Amino acid sequence: MAYQPVFANEVMTGGNPIIQAESLDKFYGSFQALDNINMSVHSGERVVICGPSGSGKSTLIRCFNALEHHSAGKLVVDGIEVYEGSKQIRKLRQEVGMVFQQFNLFPHLTVLENLTIGPMRVRKVPRAEAEANAHRYLERVHIPEQADKYPSQLSGGQQQRVAIARSLCMESRIMLFDEPTSALDPEMINEVLDVMVGLADTGMTMVCVTHEMGFARKVADTMIFMDGGQIIETAPPEKFFTQPESERCRAFLEQILEH
Amino acid sequence: MHQSPSTDYVIPRPPLAGRILSSAPVSILIYLLVIGFIIYTAYDGSRAMGYNWQWYRMPQYLWTITDEGFQWGEIAFGLVKTLQLSVLAFALALGLGLLVALLRLSGLLVGSAVARVFLEIVRNTPLLVLLYLFYYVLGPIFELDRYAASILCLGVYHAALISEIFRAAINSVAPGQWEGAASIGMSKAQAYRYIVLPQSVRFMLPPMTGEMVNMVKSSAIVSVIAVAELTTMGRNIISDSYMSFEVWFTIAAVYLVVTLTLSFGVSLIERHYALK
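Chains B and X, in that order, give the protein sequences. With the working numbering applied, the first sequence covers 1 to 259. With the working numbering applied, the second sequence covers 260 to 535.
Derived by calculation from the structure, the hints in this document are not laboratory data. Everything numeric in this text was worked out from a predicted model, so none of it was measured. The C-beta atom is built at its ideal place from N, Cα and C for all residues, glycine as well. One thing to keep in mind: the hints can contain errors.
To be verified - Computed footprint of chain X on chain B, listed as stretches where at least three residues anywhere in the stretch have a Cβ under 8 Å from a Cβ of chain X:
#1 87-97
#2 109-121
#3 166-179
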């Protein structure tokens, strides 16, 4: 096997990575959003990515399910090589769930329909089975009683939990979270984080872009700090929060942990 | 009536003149005065030119009841033809319009170029000229009779307008909806069908109603190639009876009834698609 760079998390968990990015670059015109990204995520690993806004962290995880396409480098997710125009992208997205900052629930469908439309139309699961699954996952995100409501009738925290359940209903093996609590009122953040902690406890592979450092400390196996489109630091949380190596990371942590 | 403020603060009321003008009885009165004035000037003008009103001769063109029983008149047959024409042309316009809008939004260079050329040509040709093109040019080439040429012409003309309605409505759906659909593995076609198009209905219903009404109205133009629809019937009746005022008032009223019914029907559908 060819030489591959060894990353901190690889030493920890071993085995083949489920997400493997090698020298990823991403340009918007002449603006470089991602700059030589090398990282890997193993099955069952929880990775938290943080960094100042505009650092490329959202762009990076959006590349993982091909909502954005990298301009150069190699990206393999769940055994599928990701590139623009690949016929495998839909298959990939069925395996990789995504939770958005703005929820992106379907407002014209009830909560139950939001959860079943993917399994029924994409995975061709029979309705009865899809609905049974949906109820099970609604239970898991603690809102079994809201199945027949429309998203606009729910609070932000409830909507985000429905969005998490929608991804779970696709039986995804990897979950990506793109600032899942940034659009929420403060009192609703914890109900969403609780669900995410519960999800982490089941051994789900998770990549989260978030500034919730309490959550990160609790669940992360690996912390990644990004700035200017580059990965500046990769470390397990105990080291990351106590002795960050780079000055930029230290300054960032000081700022967000201050209050 | 005795009034005394029950609290310390009294909400200021709008000025008296505005309150009187916008009150229901005054509004109705003004409305009746305006309508009355229009009818009176029409009546007065026609009397001055010595017009001989013969309203009593009109009903036979709508329907007749003779010994043989109830029979529809020419105007009724014309109306049925107008409705047939409008429905068929509108169905064609919907299908073609959606296709053009999807081509335009496809992101394919060829697709959007084809759509733009179609749109600009059709939109910038007078409907009457387009009808002549379909009937006198395409008609002989493709062996179209006047009825088929009319449906095609109206369908194509309104497809251009409707494609813009579709495009605007599809673009009005939040971009996050595409991403939400993509993130659960939907293809673009599935995202359109299950997520984006159902949500865009809400945006397209009001302008689409306008287009339906326009379709019924612009179908009158095919009377120039003698398709036996409502307007043609009107012209035929006048050439028999010389009652141009009565006939055109009646024809206009029939169109009005159809278009108002359409608008009302769609407002009911709109309520169904309102945000939940």
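Checklist entry - Looking at the structure, which of the earlier hints fail to hold? => result none
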